[in-house]
Structures are given as C-alpha cells and as structure tokens.
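*Asks:* Those protein sequences? They're chains A and B, same order as listed.
All residue numbers for the first sequence refer to my numbering, where the first residue is 38 and numbers rise by one.
All residue numbers for the second sequence refer to my numbering, where the first residue is 38 and numbers rise by one.
FYI, nobody ran anything at the bench for these hints, they're computed from the structure.
Certain hints may be false.
Just so you know, same-sequence chains aren't split out, so a pair can sit in one copy or run between any two.
As the list claims (entries may be wrong) - In silico DSS-like links for lysine-lysine, alpha-carbon gap of 30 Å or less:
{"no.": "1", "residue 1": "Lys354", "residue 2": "Lys83"}
{"no.": "2", "residue 1": "Lys55", "residue 2": "Lys433"}
{"no.": "3", "residue 1": "Lys83", "residue 2": "Lys68"}
{"no.": "4", "residue 1": "Lys264", "residue 2": "Lys97"}
{"no.": "5", "residue 1": "Lys97", "residue 2": "Lys165"}
{"no.": "6", "residue 1": "Lys67", "residue 2": "Lys354"}
{"no.": "7", "residue 1": "Lys104", "residue 2": "Lys129"}
{"no.": "8", "residue 1": "Lys129", "residue 2": "Lys55"}
{"no.": "9", "residue 1": "Lys440", "residue 2": "Lys159"}
{"no.": "10", "residue 1": "Lys55", "residue 2": "Lys83"}
{"no.": "11", "residue 1": "Lys165", "residue 2": "Lys363"}
{"no.": "12", "residue 1": "Lys83", "residue 2": "Lys129"}
{"no.": "13", "residue 1": "Lys97", "residue 2": "Lys129"}
{"no.": "14", "residue 1": "Lys104", "residue 2": "Lys159"}
There are 2 protein chains.
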Amino acid sequence: MRIIVQKFGGSSLSSPEKRLQAVNKVIAAKKEGYSCVVVVSAMGRKGDPYATDTLIDLLKEIHPEIKVRELDMLLNCGEIISAVVISQLFNKLGHETIVLNGAQAGIITDNVFTEARILQVKPERIIKSLEENKIVIVPGFQGITETGELTTLGRGGSDTTAAALGVALEAEYIDIFTDVDGIKTADPRIVEEAKTLDVVTYTEICNLAHQGAKVIHPRAVEIAMQKNIPLRIRSTFEETPGTLVTNLGHANKVEIPNDRIITGITQVPNITQLKINLNAKENGKKLNLKIFRALALANISVDFINIYPEEAIFTVKDEDTEKAVKILQNMGLEVFTTPDCAKISVVGANMAGVPGVMATIVEALTEENIEIMQTADSHTTIWCLVRKNDMEKAVKVLHKRFKLG
Amino acid sequence: MRIIVQKFGGSSLSSPEKRLQAVNKVIAAKKEGYSCVVVVSAMGRKGDPYATDTLIDLLKEIHPEIKVRELDMLLNCGEIISAVVISQLFNKLGHETIVLNGAQAGIITDNVFTEARILQVKPERIIKSLEENKIVIVPGFQGITETGELTTLGRGGSDTTAAALGVALEAEYIDIFTDVDGIKTADPRIVEEAKTLDVVTYTEICNLAHQGAKVIHPRAVEIAMQKNIPLRIRSTFEETPGTLVTNLGHANKVEIPNDRIITGITQVPNITQLKINLNAKENGKKLNLKIFRALALANISVDFINIYPEEAIFTVKDEDTEKAVKILQNMGLEVFTTPDCAKISVVGANMAGVPGVMATIVEALTEENIEIMQTADSHTTIWCLVRKNDMEKAVKVLHKRFKLG
C-alpha cells in the first residue's frame, strides 16, 4: 500500500466550494494509486458556528474561567463535525469513506488537556479500513488518554495529527493543504517578488515556522523528521506542486541547492523590548533567575534574552507587557520598555560557517537607516529586533540583498 | 447517597435564560440533599446551530443519503456541546461538575446506529464522581458499542438515557423536565379546562405517550418501570410539582384514585385510511401477509389494522400514503384512500372490565355528528379514527363526557 496523509486546515474547509476543492485533491491522489488518510481541522474561523474559536466563545460568554477537561471535550466536536461533513461530500461523489475519531484512529495522548502530546499511535484500524479501500477521514487536533479522557493537541494540532499518522503509517507523503501554494522566501503581502521554494529542509521549515511563517506547526515538522517522511506544503485551490520538505540527499532525489545560503525572511510584529537595570542590585545572577522564573510562572513567553552583569534585556509580546512590568516592579526592579518592535528572522540551513552573513544584514539595514535594537543568532538563523515601523522595509531590503526574488 | 436523575430537553435549553432556570432546578435538588445526575438533550430546535435537526441538515444539504454510522458520530456532538455549556453555567455559579460522555458514563449499546438500544450501564465512574460531591452531567441520546462505535438512541433518546441511568443508579426519582407542567388529561391547546394529573401509572403514561402525548418517550417509561423507579414529569419554568409516574400502592404512598376510569384523551392527526378490496383475489390470507411485509420493507408504519376475508383496512401516516399506494398498486391491488384522518385515543388503566366505556364514546361522538370511521381497543385504551376536521371537537366532547376537567 502506498499511503498518503492529506491535511486540510479550517480555511480550506470554510465553504461548500472550498470543501469540494479539498475533496478533489484527495480524489486526485486516490486516482494516482494512493491509499488516502484525510486529516481535517474544524470548519472555518471565529464566527463560523463549528469553528474552534466559536466553540470557545460559547463558554467564555458564560464565564471567563473554563475547565480544560470539558473544553477539550467540546473542542473535539469541531473536528468531528468537519470530518463527517467531508465524509458526506465524498459519499455524494461516490467514494467510500470511514470517519475514525481520535480514539478510533488510535491517537493516544498524555492527559495535559488543551496541550496534549501524542504518546503513541495505534494505526491498526486505519490500516484495516485502507485495506478495505476506504478513504479514512480523521478529525485532527484530538486524541484520547489511556483512561478514556478526550484531549486536544493545542494550536496547530491538526498538523501534528497528520504528521503522527504519516509516521505511524509510514506514509509516502504528508500533504499539508493550506491557502498558500507553499513556503515563500518572504511574506508576499510585504515582498511582491517573494518566490515559492520548491524544496526546503526540515530544519529550515522549523526555523521559518517558529519565526512567524504560519503554514505548518513546528511540532508536526519535528515528528515527520524523526522518520524522514517527506512533507508537502500545498495549496487547496491551485494546481501548483507546492513546497517539498525533506532532507538533503533524501531518497526522493531532490537536492537542495548547495549555494542557497539564505532560505527566507520572516517577521513577527508586536513585540516589546524590556531592559532591566541590575546595577544597583546585589547578586544580579540570582535575581536573573528569579526574574525568568516569575515570568514563566505567569505564563509569559520571553525571547531574545541577553543577560549582562549590569543589565538584562529581553522581549515579550506587546499583549504581555503590562503584566510583565507589574511583576518586575513588584520585585523592586527598574524596567525600561520599548513597545511596538518586530523580530526579523533570516533563515538559512547553510549559513553556518559562511562568513559575512551578519555583516551583510547589518550593512543592508544600516544603509536604509533601520535601527537594529538587538540581534541574536544560531547556526541556521539570524534574528534582528527592529522597530515595527521599520519591519516591512527591513524584510524587503534583506530579501533583495540576499537575492531571494 | 440519595441519587436523583434530572433530564432537560432541547426546548428547556434553548436560551441562556432557560438554561439558567434548568440549572437552578438541579441546584434546588442538591440543596435538598440529592446527589444529582443531569441528562441533557441538544440545545434548541431546528435552526439553532447545535440542535439535532440542524446537524442532520448539514449532511442532507450535501446529499440525501446519509451513512448512519457517521451520522451518529455527528449527532453525538449536539448533546456534548449542550452538556459542556451547562457545565460551564454550573461552574459560574460555583458548583463543581464533571461531564461524562456516553462512553465515560458507561452507556453500552448495541450497534444499530440511529436506533441503538442500551444493553448495559456501567455506572462506576458516575458513582465515583457523585461520591466526590460533583454534579454529573451526561449528554443524553448517546452511547458506545463494545467495539468503540458511537451510537444514538433514536428520538426521545435523552429520556431513555435518564431512565437507564436512574435504574442503574437506583435513583430515588427520575425527573423529566419539559416545557409543560406535567401530564394533562388532554392537549391544553384543544381543551382549555384540561387538568394536570398528579399521578399516573407507568402503563397509563406509556399508552398516552404512544398515542401522541409527547412529554416522555415510552421506552424510557418501560425502562423505569422495570425497577419501579418513580418518574416525575415537571416544568423547567414553573414551581408546580408536576406529574408523578409510579405504580399503584408504591412505596411513595401515593394512591391513584380507583374510581378514575379514564386518565386522558390524546390525538394523532395526519393519518390516511386505506381500504383494499381482496374480493376479486384468490387466497386473501396470503395476500394480506404479502401486503404488510411489503409495507414493512418500505419502512412504512401501519396502524389500526382490521383484516377481513374480503377486505383489509389500515392506516398510514399521510406522508407515507403515496409510497404505500404505489407499492399496493404494483401488487395489482385496488386501493381506496381517505386522507386527513385523526386517531383519538381514550386512555385509562382502570377501564378494563368497566362496561359501557365504548358505548359512552360512540354515543358522545354520534350526538355531535362526528363520523367514527374505525375503532380498536385494548384493555387500557380505546381508539377511534375520525376525520381531521372533527378531531378537536371529538377531543373536547370526550374530555367533557368523561368529566376530566
């Protein structure tokens, strides 16, 4: 059996016309000889009656505090409704299907409600159904614990479902269908000449995804990478091949151009830079520890951390700034904030060891009078913090300077 | 533990205000010292996004043929959404709850999708949660097979869930909350002076329910009757005691008046009478068998069957008439139809052996020039077929003649 797993997100399923296009993608794969496993998200976005955010609002309107166990039970319904509707559409077109919910598809998770992790996939029932020549439809984002509690996998959970099934079924491909035609060298809303990448490595896409490219959840990439199952990022609405995500020298015989130093540029806006003066304080090291523990306890994500004996610099999301400042001030600290910043990421799996990448970035931004407020780098990514007003210009300049268009 | 099972139908849950009234009924029972199990239907009626009929329409709009397995999976969501919303309302009011879906509540059914029967209730988890002082909320109408398929119990299924749980938990009461304040001697839309009955027997309510009184599903009554668990039919929106359903001489020390010969009058409109001339045909007996087998195969319910050597008379629902006539004509039979009839039922557990009940009925109707087109009787019910135009008058006349007001 040549198995393919095809995942469709909420925006690919938000109208009857779009659902038909999604279903036709599956039928095309079936005609190519694949045994198809279809993973679906809840239909549509906030406002659509069966979308995840609408279901959450049902509860929020009653009371702001929501019990996570019951929330997960409720959210499970969004993807079930979607799966059954899609199944009905296949039936209309004469294709036999079976919907297998999280439990029936054998997706066993831990019991961390709303953020559960898949512990194990027991794919026997899916395989049996594929052998019966049925298209198997699995509601994404959901699983079940060993004790029968319903769970959800957190944001991007349907990608994770697709990846976990792809690995468990040793699929030939995991297709992530979305409303763009692949991974771009930059956000096309900012950079007109942004190109769709034919092929990227797992590491590259992970970096891009972590840094604001929203086409796939990084956890899904990490799962697919473990067993080297190729992912394809494709458009539900176009006939383009999309972006293949794989490893260098993979059996698919696609090669990632070795001279490609930079893969793409991404941006994350709405970030606040915080500077804390530790000079006046004794024992700055201990204090640093306390700062980050206090912020973590308050569920505030911290990024871009630069710690010096006299100073701690880091960023939080704009929406967390008020809460963070209050916590820090309660610790007796002096906090300087610069809101409305943006993080620019320059991602390239081959940049490690190539001299001058950082120099090129600094040069390009400085030439355009863009102030670099902070930088950081790993062997595959260089990050720059700039003011949000400069964000679009920075992305354009870097995209051009690295000849990505 | 004094356990009470309280069931709320869709019309009791169709708005935030109504849901609050429902929840307050449970809180009142809790204050009386009961351990509460709440069974809920899907919220609202056709048109409301999470109502059963709306979910069915989601599929019908795509394709008229619906696979029952996937339909049940979809319909399960309606009650889950309702249960989680109600749970959230309890949380807001400071009462601890747990939602246990069909599987978690241990409701094991056969695998007849859309019309499943409960084979067994494993109440251990409910009991554990009640012992933890939680209000247990169970989505009605749903169960799970031994192999993990989701099922629904058919129309009135939430009543059945409540009754099955009441029996399994040896509840003190099973409360069926609805939008009327109990069982009436007649439909109050027809008979203004119709009274609410304080107490009726299981048999009486079964007969009334089978004959058009829609407050409770007869299967639920039959289940409660097995273990002699008293039912109460109560209004979600009023403080009245409702109707107690029990047995004569039950431990509750309520007595059903022995002189009450007639309990109530019900009506079912939109019935067609069919007459088939068998005279010209040889072997009428065999033909009769064939007729009813053919109609059963076409899923047409047949009622009021009177078979004579030369003639077969019976009724079908108006909506089934065309289909039935076609089947019969294809068998070479001559069919005479009288559409737009109504069935009047006079129900009374004590009527057996009381002479003159039928005579009184015939007299009352004839005096008002109401043509009796057909009759039938059991030891607890007398049925008359009349024209639909005469239906309301017939109910009024009989209600008055038997002094039920």
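*Asks:* With reference to the structure, classify each hint as holding or not holding.
*Replies:* Comparing the hints with the structure gives:
1. Lys354 / Lys83: Within. Shortest intra-copy distance 22 Å satisfies the 30 Å Cα cut-off; inter-copy 43 Å does not.
2. Lys55 / Lys433: Answer is neither: 32 Å inside a copy and 56 Å across each miss the 30 Å cutoff.
3. Lys83 / Lys68: So lysine 83 and lysine 68 fail the 30 Å test inside a copy (35 Å) and across (39 Å) alike.
4. Lys264 / Lys97: The answer is neither: 40 Å in one copy and 41 Å across copies each exceed 30 Å.
5. Lys97 / Lys165: between (41 Å within a copy, 28 Å between copies)
6. Lys67 / Lys354: Cα proximity of lysine 67 and lysine 354: none, with 44 Å in one copy and 45 Å across.
7. Lys104 / Lys129: Between copies only: 11 Å across chains, 39 Å inside a chain, cut-off 30 Å.
8. Lys129 / Lys55: So lysine 129 and lysine 55 pass the 30 Å test inside one copy only (16 Å; across, 39 Å).
9. Lys440 / Lys159: neither (46 Å within a copy, 67 Å between copies)
10. Lys55 / Lys83: Cα proximity of lysine 55 and lysine 83: in one copy and across copies (17 Å, 25 Å).
11. Lys165 / Lys363: neither (56 Å within a copy, 42 Å between copies)
12. Lys83 / Lys129: Answer is both; intra-copy 28 Å and inter-copy 23 Å each pass.
13. Lys97 / Lys129: For lysine 97 and lysine 129, only the inter-copy Cα distance (10 Å) is at most 30 Å; the intra-copy one is 37 Å.
14. Lys104 / Lys159: both (28 Å within a copy, 25 Å between copies)
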